[in-house]
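Participant: Top line first, the protein sequences correspond to chains A and B.
Take the first sequence: its position 39, counting from 1, is numbered 40 in my numbering, and each next residue is one higher.
Take the second sequence: its position 22, counting from 1, is numbered 52 in my numbering, and each next residue is one higher.
There's no promise every hint is true.
[As the list claims (entries may be wrong)] EDC-like, lysine to aspartate or glutamate: derived pairs with alpha carbons at most 16 Å apart:
id : chain 1 : residue 1 : chain 2 : residue 2
1  : B       : 89        : A       : 33
2  : A       : 136       : A       : 155
3  : A       : 12        : A       : 23
4  : B       : 91        : A       : 33
5  : A       : 64        : A       : 23
6  : B       : 93        : B       : 82
7  : B       : 35        : B       : 110
8  : B       : 93        : A       : 23
9  : A       : 136       : A       : 167
10 : A       : 64        : A       : 21
11 : B       : 35        : B       : 108
12 : B       : 91        : A       : 25
13 : A       : 12        : B       : 82
14 : B       : 93        : A       : 33
15 : A       : 136       : A       : 148
16 : A       : 64        : A       : 78
17 : B       : 93        : A       : 21
18 : B       : 91        : A       : 23
19 : A       : 64        : A       : 25
20 : B       : 93        : A       : 25
I should point out that these hints are in silico values taken from the structure, not numbers from a laboratory.
Bear in mind the structure is a predicted one, so any value in this text is a computation, not a measurement.
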Amino acid sequence: MNLTRFRSWLKWIVKGQRLESEMETEVRFHIESRAAELVRKGLSQQEAMRQARLEFGGIESHKDAMRAAVGVRWWGELGSDLHHGWRLLWKNPAFTAVAVLTLALGVGANTAIFSIVNAVLLRSLPFAHPDRLVKIVALNRGVGARDIGLSVPELDDLRLRAGVFEQVAAMATGDTNLTGAERPERLAGC
Amino acid sequence: MLILKAVSLGPLHGYGVLLRIQQISGEQLEIQQGSLYPALYRLEHHGLISGEWGESDNKRKAKFYRLTAAGRRQLHAETEKWNRMASLIASILRTSPEEI
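Start from the sequences, fold in the hints, and give me the full structure.
Facilitator: As structure tokens, then:
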């Protein structure tokens, strides 16, 4: 049952133009048939047509009810709304430009802010326990220097003797060579 | 229900449905002609009748409606319901003071 209704509705959406003209033909056939009967009863052709139209009632409102019966009236209304909106925009190009620009800036700014929020707040770090991750920074209070870097023996001390960390790894920036059993490779760091 | 009944007696175009209802009701029922069509479209939309283009008696293109299987079931169910309702009301109206 629902499928029947959906199919009928779809037919109207796809073949709307043809069905509109069929609807017109159907209504015209009715009015002319009625007029022909009235002519047989002795009315003049013109008078019969007038009377037949009168008896039928408002053609457009009946057609609207026919469209509503198959659930496509809103489709036609959407079309005329869009058309109307487009015409108004076309009439006021300055207003349209400002509106489009405002929307574009708004959308752009929103996207930019969201990408930052997403990276900083929403996406968690790609480690198992990010809350247990720390960055060790070496200081030299004597000369007031900060983040001065560690030597390999200092790193070994942290790894083996500090007893606070499960694991310690070092980060270094800059290009470097990777050597081993195979041919050495140059790695680009940043 | 009246439209389903009219169409059940043989395929009809819209104007034919109107004439048949008037004929079988002995000209007692006055139907606003235009409002017949939204009803026909609704019935077709619900799959109770199906419309097909054909040629009328006067060789004009016209849309003929016929009852579908679902329409036949619906007409049957509605006729039953109507008869039940009518006999219920009739028996209520027949009730005399002695029977209470």
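Participant: All hints, please: hold or fail.
Facilitator: Verification of the supplied hints:
no.	hint	result
1	89(B) to 33(A)	holds, 13 Å
2	136(A) to 155(A)	holds, 15 Å
3	12(A) to 23(A)	holds, 13 Å
4	91(B) to 33(A)	holds, 12 Å
5	64(A) to 23(A)	holds, 11 Å
6	93(B) to 82(B)	holds, 5 Å
7	35(B) to 110(B)	holds, 13 Å
8	93(B) to 23(A)	holds, 9 Å
9	136(A) to 167(A)	holds, 13 Å
10	64(A) to 21(A)	holds, 9 Å
11	35(B) to 108(B)	holds, 10 Å
12	91(B) to 25(A)	holds, 12 Å
13	12(A) to 82(B)	holds, 14 Å
14	93(B) to 33(A)	holds, 14 Å
15	136(A) to 148(A)	holds, 11 Å
16	64(A) to 78(A)	holds, 14 Å
17	93(B) to 21(A)	holds, 13 Å
18	91(B) to 23(A)	holds, 10 Å
19	64(A) to 25(A)	holds, 8 Å
20	93(B) to 25(A)	holds, 11 Å
In this structure, none of the earlier numbered hints is contradicted; all agree with it.
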